[in-house]
Amino acid sequence: MGTIHASARESNVRARVFAHLNAQSYAGVVSVIFEGDEHFAPQTHTPFIRFSIVPIGETWSGRFSATAEAYEARVMLVGDVFAPDGSEDGTHDAFAVDRAADDVAHVMRELSLSMKDYASTPATPTAVADSPIRVVEGALQRIPLPNADGYRRRQITNELRWHFQHSD
Amino acid sequence: MAEALTLELEQARFESAVSAFLRGKAPDVVDKAVRKLAFDVVAETTKGLNGLGGLPKRIDTGRLRAGWRVAMANGGLPTAGLTSSPASKAGDGTAAVAGVGVNRTVTVANRVKYAPHVEHGTLHMLAGKHLERGLRLARTRLPKDTGLDAIGPAMRRAFNSVF
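Chains A and B, in that order, are what the protein sequence lines are.
Okay, so the first sequence: first residue is -9 according to our numbering, each after it adds one.
Okay, so the second sequence: first residue is 40 according to our numbering, each after it adds one.
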């Protein structure tokens, strides 16, 4: 068993995906947070989006080279959109949550990113070849959830896959 | 002069035999397959609730996890390996198998009140997505070959055992 390859670090995938999502624009949304952001306190009148990644599993997918196996990893990317429902302040747009959810779905629908190695050089991550992070076509789901805690909610889920190397 | 060996297929008799075979055996096969599929989804869901596979562990009294076992038992579905809980209440889960012939639907419902909050998350808790993960995994494991040629080898094996 050799050293771990950069493509096998799920931390690199999370950093790459969250960095990309953080750079996008979402209608009417002030804050974008990610799982692990422990100090975020939802502000009652402020819409925000929360992204998280849920593992599905990995399967062996053959040999990558003479010295490494290949595996395919699958995760769910979950985008939770929260917009004030007016119960605390009655002047809010009832459709703001859907506009923000439209933008989240647009970003998540055909996501395709190159893998980068944040573990080695967090400030200037280097590209990792042969391991693109891609959505599974047609797997996006968008559901309304009951209002709670002063917010309207929409949840968008999609599936990401990538291949990683495991040296013999 | 060598004699030629010929084989004549009586199409009508062949098709009649295939139809009889499918009518007799296929519904049972489909019923078993759908029940097993439901069990696989529930089993993966409870594994996720236990925190396996890197999912967020969401076990306190075990009532939510046991709700799946209650459901499967109420529907006469397999429960091997599913965990029970002293916190369970009657009605924590329901299940039913419906349909006739080769059309089967299995419905399994966990009716513990906070199940949606664990699955979809809340303002302060991340989505667990345990059930959705189970469904995605089960879908991946389904046989993918649905073309007309897929049935050929199975039919040949079936007839070889008859003649």
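These are calculated hints, taken from the structure and not from any lab test.
The C-beta atom is built at its ideal place from N, Cα and C for all residues, glycine as well.
Worth double-checking, as some hints may not be accurate.
Claimed, not checked - The calculated EDC-like cross-link candidates involving lysine to aspartate or glutamate, where the alpha carbons are at most 20 angstroms apart (straight line), are: (1) B:K152 x B:D67; (2) B:K86 x B:E158; (3) B:K96 x A:D139; (4) B:K96 x B:E158; (5) B:K64 x B:E54; (6) B:K86 x A:E48; (7) B:K152 x A:D139; (8) B:K86 x B:D99; (9) B:K128 x B:D99; (10) B:K96 x A:D158; (11) B:K96 x A:E0.
What the hints assert, rightly or not - Label pairs and their computed distance ranges (CB to CB): (12) A:S77 x B:L61: 54 to 60 angstroms; (13) B:T122 x A:D83: 17 to 23 angstroms; (14) A:S15 x B:N89: 45 to 51 angstroms; (15) A:T57 x B:R178: 29 to 35 angstroms; (16) A:A56 x B:G90: 35 to 41 angstroms; (17) A:R89 x B:V57: 21 to 27 angstroms; (18) B:P155 x A:S15: 27 to 33 angstroms.
Right, here's what the structure says about each hint:
For the hint pairing K152 of chain B with D67 of chain B, the CA-to-CA distance comes to about 35 angstroms; that exceeds 20 angstroms, so the pair is violated. Taking the CA atoms of K86 of chain B and E158 of chain B, the gap is about 14 angstroms. The hint holds against a cut of 20 angstroms. Our distance criterion of 20 angstroms between C-alpha atoms is broken by K96 of chain B and D139 of chain A, whose separation comes to about 24 angstroms. With a C-alpha separation of about 11 angstroms, the suggested pair K96 of chain B and E158 of chain B falls inside the 20 angstroms cut-off, and the hint holds.
A C-alpha spacing of about 15 angstroms is found between K64 of chain B and E54 of chain B, which places the hinted pair at or below 20 angstroms, so the restraint holds. Restraint check: the Cα-Cα separation between K86 of chain B and E48 of chain A comes to about 15 angstroms, which is no more than 20 angstroms; the hinted pair holds. Note on K152 of chain B and D139 of chain A: the hinted pairing holds, with a Cα-Cα distance of about 17 angstroms set against a maximum of 20 angstroms. For the hint linking K86 of chain B to D99 of chain B, the alpha-carbon distance of about 15 angstroms falls within 20 angstroms, and the restraint holds.
A distance of roughly 15 angstroms separates the Cα atoms of K128 of chain B and D99 of chain B; the hinted pair therefore holds under the 20 angstroms criterion. Restraint check: the Cα-Cα separation between K96 of chain B and D158 of chain A comes to about 32 angstroms, which exceeds 20 angstroms; the hinted pair is violated. Taking the CA atoms of K96 of chain B and E0 of chain A, the gap is near 19 angstroms; set against the 20 angstroms cutoff, the hint holds. About 58 angstroms separates the C-beta atoms of S77 of chain A and L61 of chain B, a value consistent with the hinted range of 54 to 60 angstroms.
For the pair T122 of chain B and D83 of chain A, the supplied restraint of 17 to 23 angstroms is violated, since their beta-carbon distance comes to about 46 angstroms. At roughly 39 angstroms, the beta-carbon separation of S15 of chain A and N89 of chain B lies outside the given 45 to 51 angstroms, and the hint is violated. The beta-carbon spacing between T57 of chain A and R178 of chain B, approximately 33 angstroms, falls within the hinted interval of 29 to 35 angstroms. A C-beta distance of roughly 37 angstroms is found between A56 of chain A and G90 of chain B, which places it inside the suggested range of 35 to 41 angstroms.
Range check, R89 of chain A to V57 of chain B: Cβ separation about 56 angstroms, and the 21 to 27 angstroms hint is violated. Against the hinted window of 27 to 33 angstroms, the Cβ-Cβ separation of P155 of chain B and S15 of chain A comes to about 30 angstroms, which satisfies the hint.
Taken one by one, the earlier hints fail for this structure at numbers 1, 3, 10, 13, 14, 17, listed in ascending order.
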